[in-house]
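S.K.: Chains as they are written, first to last, in this note's numbering: chain A, 1 to 444; chain B, 1 to 229.
Note that these hints are calculated values from the structure, not bench results.
Quantities reported herein were computed from a predicted structural model and do not represent experimental measurements.
For glycine and all other residues, C-beta sits at the position ideal for the given N, C-alpha and C.
Any given hint could turn out to be false.
Cβ-to-Cβ under 8 Å is the rule here; a few derived chain B residues that face chain A [unchecked claim]:
#1 R59
#2 R87
#3 Y88
#4 G116
#5 S120
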Amino acid sequence: MTGPASIPEGRAETATTRRDCLKTAALAGAAFAAPTIVPARALGRDGAVAPSEKIVMAGVGLGPRGQFDLDWMSAEPDVRFVAIADVQKSRRDEVKAKIDKHNGDQDCKTYADFEEMLSTRPDIDAVLLATGDRWHSQAAIRIMRLGKDVYSEKPSSMTVAEGRAVVDAASRYGRVYQTGTQRLSEGPFRQIIELARQGKLGKIHTVRAHIAPWDSADLSHAWLPEEPLPPADELNWDAWLGGCPWRPYNSGYTKGGWRGHYDFHTSCIGEWGAHTFTQCQAGIDALDTSPVSYGYVKNATGDGMVTTFASGVKMVLQLQGWRGSCGMTFEGDEGSASCADGYEKPDVSSPALLAEGEKLLAEYMEKTGRPMNHVRNFFDCVKSREQTVANPEVMHRSMSAVHAANVCMWLRRDVQFDPVREEFVGDAEANRFLTRGQRAPWII
Amino acid sequence: MQPKSAVLAGAALLAASSSAMAQKASQSAGNRHVRNQAELLKVLQNADASRKDRADALRELARVGNKGCLKVVAPLLQDEEQADMARYAIEPIPSPAVDAALRRVVAKGTGRPLVGAIGSLGARRDVKAVPMLVKKLDDADAQVAIAAAKALGSIGGAEASRALAAALPKTTGFAQAAVVEGLFRAAESLADQKQTAAAASLYDALAKGAPLDCVKKVAAERAEALRKA
Chain A
1 MTGPASIPEG RAETATTRRD CLKTAALAGA AFAAPTIVPA RALGRDGAVA
51 PSEKIVMAGV GLGPRGQFDL DWMSAEPDVR FVAIADVQKS RRDEVKAKID
101 KHNGDQDCKT YADFEEMLST RPDIDAVLLA TGDRWHSQAA IRIMRLGKDV
151 YSEKPSSMTV AEGRAVVDAA SRYGRVYQTG TQRLSEGPFR QIIELARQGK
201 LGKIHTVRAH IAPWDSADLS HAWLPEEPLP PADELNWDAW LGGCPWRPYN
251 SGYTKGGWRG HYDFHTSCIG EWGAHTFTQC QAGIDALDTS PVSYGYVKNA
301 TGDGMVTTFA SGVKMVLQLQ GWRGSCGMTF EGDEGSASCA DGYEKPDVSS
351 PALLAEGEKL LAEYMEKTGR PMNHVRNFFD CVKSREQTVA NPEVMHRSMS
401 AVHAANVCMW LRRDVQFDPV REEFVGDAEA NRFLTRGQRA PWII
Chain B
1 MQPKSAVLAG AALLAASSSA MAQKASQSAG NRHVRNQAEL LKVLQNADAS
51 RKDRADALRE LARVGNKGCL KVVAPLLQDE EQADMARYAI EPIPSPAVDA
101 ALRRVVAKGT GRPLVGAIGS LGARRDVKAV PMLVKKLDDA DAQVAIAAAK
151 ALGSIGGAEA SRALAAALPK TTGFAQAAVV EGLFRAAESL ADQKQTAAAA
201 SLYDALAKGA PLDCVKKVAA ERAEALRKA
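All chains, full assembly: derive it from the sequences and hints.
M.R.: Here it is as structure tokens:
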């Protein structure tokens, strides 16, 4: 076999690796135990929460975004983080310091392997998952199989098949899952979702979804130049790659440089479409389906792609059209409404819609009991066992649209998608993209 | 919630300067000529081709390949370095010849190539693999046993279901968790085929013998629902 002169990681990961040995040892003796959530929110008169009433959390793969989520969640009075798992020691130590500082002790435990952590810690109820995209479904499924609830950052699947596997896992193990599409729980966004849903804009014919202005749909297959592999206790590169195809180590990947790579990323469409498709689909009550047709546009990003739902409503992908990020617009035959990050109030076609939106938001919160706080919705559901606002099906349907749009761009032609069969219609070439072979032993 | 969104945007913009961007121009998916199978096999047969060249060829075969690629790709299924990408290439190819090639790895292979081949047979729902996978349920390599349990569940059917139900009380830890997962898959498959009694009996086994209370609860509910249907 001819190849690079030195591929130590490739050699190390063959046959039985150290990680395999560790895992095998754990496999034999792991003490599986279900979490012990007290099924009621029990704040005392002073706002304090008894330790036995707290939701005990662990973090998995908390980089900058994950640590933001950690701060957000830690502010909830009935939440306590007790452990962190990460394949990078520097990250484990960084997050432990953050958790210990918040808790005022030194008790946060660190783990290199999240499955070992969860299988030996029956005290942990739920997990904040914020790895790179490649691990979101893979880890969420494993976390739920170990009996824990999960809040997963987005984009939450790499393929249509992975998304369906998340839905199946949540159902089989009776777990609560929330994907991090937090704008579903932000006032201005929810106001126009409800304006659209309640018919205040008339019959909706077009929705517009913002896609990210960096990278493209034209994902890279390049390998960054090989660098010496760090010591195994500093970084488990094999586990960092997980089920993705092997490639040589480069520190850039572990510092956010995985974005833009086909094996690790869902493109500019997934980066924001994970949010904005969900938002748009919420406004047209299409959270249980995906567009059925995707029209190829001759550019690198998908800007201007028109997708169409079976209802006839069109969802247009756009790079521009808003003053902030992750924007969405609803256009009906009686009015329109638009929102993006930074909007104190939505842009609406008629001033009366602003007051109407505030009223509908209040009614929505009253009727559903859902707060305008995405992580609070997750914690409430961990206790009530109800479905979250961004539950697995919601995630899977919007991510299926992301994947279908990407396939459209990769094939450079129109594609038709069947949301019931969850496959492209009469299109063997496109259906090759519904799943990806996974590297052993990370096969879900 | 505005600050959260601002942080998200900031983190993402930071990523925009990543080195991945610099690499994209020359090796992006869309800009590359889509090679046909003959061109890709020529790369794989070139002794001087790099690991990267081979990985790219195998990735592209996953998109355009047919059973004709097996004469070149099948031998790679037991190559420690190339087995995963070889499976990546052939797993989506709809031909019984692919299943046969994967079964040959299960018959002879060890380590990760074996684990991977078992996983691919499960993904492809190869019924002919059931007898050999049943034997792997108590393999000394825990990863092999885990892969076999999940694969048997994906394939489903009476023989696979019996083996999984029998394995549930004999296993512990992650191996047992894989059997639980396999039983869920097999039960769902039976239910889809309207074999409600058989499906309910698998759920009964889970309700009785699964290690997690959440599994017992769901399994009991599903068994009851099937019997009421």
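S.K.: Output the indices of the hints that this structure fails to meet, ascending.
M.R.: none
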